[in-house]
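So you can see what is in the structure, the chains are spelled out below.
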Amino acid sequence: MDPLRSSDPGLFILVALADGAKHGYAMLNEIEDLSGSRPGPGTLYGAISRLEEHGFIEPVETDDRRTPYRLTASGRRHLADHLKAMETLARVGARRLATT
Amino acid sequence: MKLLTLFYPRAWRERYGAEFEALLRDEGVTLGRAFDIARVGILLRWEGWRLSASRDLSGGIDAFRELRPLYKFIFVVAWLTAFISAAKGRDLTIGAGFLALVGSVTGLNLLSQARDDRSGSRARRTIALLLFTALSIDAWIYVASWGSVRAAASRWVMQPLVMAIIPQTRPWPGADRSWSLRLGTIFCALQLIGFWVGLATGRFGLPPVVICGSIISALAVMLERERRSVVSNAAAS
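Residue numbers (our numbering), protein chains in the order written: chain A, 1 to 100; chain B, 101 to 337.
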């Protein structure tokens, strides 16, 4: 199952991590800024565990209990592909809207 | 907060529990968040169960392919009888049939795992015992269905054991002798014969199974004696 669907917080997590490692609380703030709504902690960690399972993100070693996560090379590639597909979709959709 | 994490699978809690609790401390727990935590926990549990069930099933299918024809026959009959019992529409029967299926699939999976490791003989013993349990449950399904529910208190304990292990035993007085039940009993007898033939031919001829079978057989003989005394007392009075 692809953990990146537009309705899935997984996509927002990857975007949030695109500019560097973040822990859960920082991810929630970032997702709230990006999407306008704050996901629940269960939703966030459910998505984190799925993304880690797919090898898209990995924890950063720390002594703090709040573990930061960062993108892996595979996660970065997957995000880039997904954003490209979304970009194409948005461009085609906008063009068709403009012609009607 | 710790209580809320109990919704999540143990492996998940071991991996993410500490950091998840740290996040909950930062965020605070409202009613909406508690609902979100419970919802995702239940979904993760369901997902884990679904994956492991699918792995068990595929392991079971692999093992089934490698079974000798005799054991394939036994398992096919076990499935068939479970379907027939489900078709009869009794809650008890469906439950027992389901247990028999789970026993069979788990046993097959164990056999599959036993192929490559050194604990193979132990796993084979386990599958043999599981198979025997499944078959006994199947036997019990049919024999326990004979007669009315009111008279079942003794029948559900004694009659199933006696009838399963000594197929020639006649049913209790007043029992229902419908064809579906007779058919079920024939299937059941076939399974048990298949099982004992399997033991005799060697592959499942393992001491624990033999001991287990002997104990049950001895018990059946004792119960048969008791049954006869009950019947003769009833006839005398």
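Treat each hint with caution, since some may be false.
[What the hints assert, rightly or not] Incomplete in silico selection of chain A near chain B, CB under 8 Å:
#, residue
1, A18
2, G20
3, A21
4, K22
5, Y25
[Said to hold, decoys possible] DEER-style ranges, computed between Cβ atoms:
#, chain 1, residue 1, chain 2, residue 2, range
6, B, L106, A, P59, 36 to 42 Å
7, B, P109, A, D64, 40 to 46 Å
8, B, E114, A, Y25, 37 to 43 Å
9, A, E87, B, E127, 28 to 34 Å
10, A, T99, B, L131, 44 to 50 Å
11, A, L89, B, P109, 21 to 27 Å
12, B, E127, A, L89, 32 to 38 Å
13, B, G117, A, T88, 39 to 45 Å
14, A, A85, B, A111, 28 to 34 Å
15, B, V129, A, D33, 34 to 40 Å
[Claimed, not checked] Coverage of chain A stretches by chain B, computed from C-beta distances (three or more under 8 Å per stretch; other residues unrestricted):
#, stretch
16, 45-52
17, 69-76
Hints listed in this document are in silico derivations from the structure and should not be mistaken for laboratory results.
Beta carbons: idealized from backbone N, C-alpha and C, even for Gly.
Results of checking the hints against the structure:
{"no.": "1", "hint": "A18", "result": "violated (21 Å)"}
{"no.": "2", "hint": "G20", "result": "violated (18 Å)"}
{"no.": "3", "hint": "A21", "result": "violated (13 Å)"}
{"no.": "4", "hint": "K22", "result": "violated (12 Å)"}
{"no.": "5", "hint": "Y25", "result": "holds (5 Å)"}
{"no.": "6", "hint": "B:L106 x A:P59: 36 to 42 Å", "result": "violated (23 Å)"}
{"no.": "7", "hint": "B:P109 x A:D64: 40 to 46 Å", "result": "violated (24 Å)"}
{"no.": "8", "hint": "B:E114 x A:Y25: 37 to 43 Å", "result": "violated (21 Å)"}
{"no.": "9", "hint": "A:E87 x B:E127: 28 to 34 Å", "result": "holds (33 Å)"}
{"no.": "10", "hint": "A:T99 x B:L131: 44 to 50 Å", "result": "holds (48 Å)"}
{"no.": "11", "hint": "A:L89 x B:P109: 21 to 27 Å", "result": "violated (35 Å)"}
{"no.": "12", "hint": "B:E127 x A:L89: 32 to 38 Å", "result": "holds (33 Å)"}
{"no.": "13", "hint": "B:G117 x A:T88: 39 to 45 Å", "result": "holds (41 Å)"}
{"no.": "14", "hint": "A:A85 x B:A111: 28 to 34 Å", "result": "holds (33 Å)"}
{"no.": "15", "hint": "B:V129 x A:D33: 34 to 40 Å", "result": "violated (23 Å)"}
{"no.": "16", "hint": "45-52", "result": "holds (count 4)"}
{"no.": "17", "hint": "69-76", "result": "violated (count 0)"}
In this structure, the earlier hints numbered 1, 2, 3, 4, 6, 7, 8, 11, 15 and 17 are contradicted, and the remaining ones agree with it.
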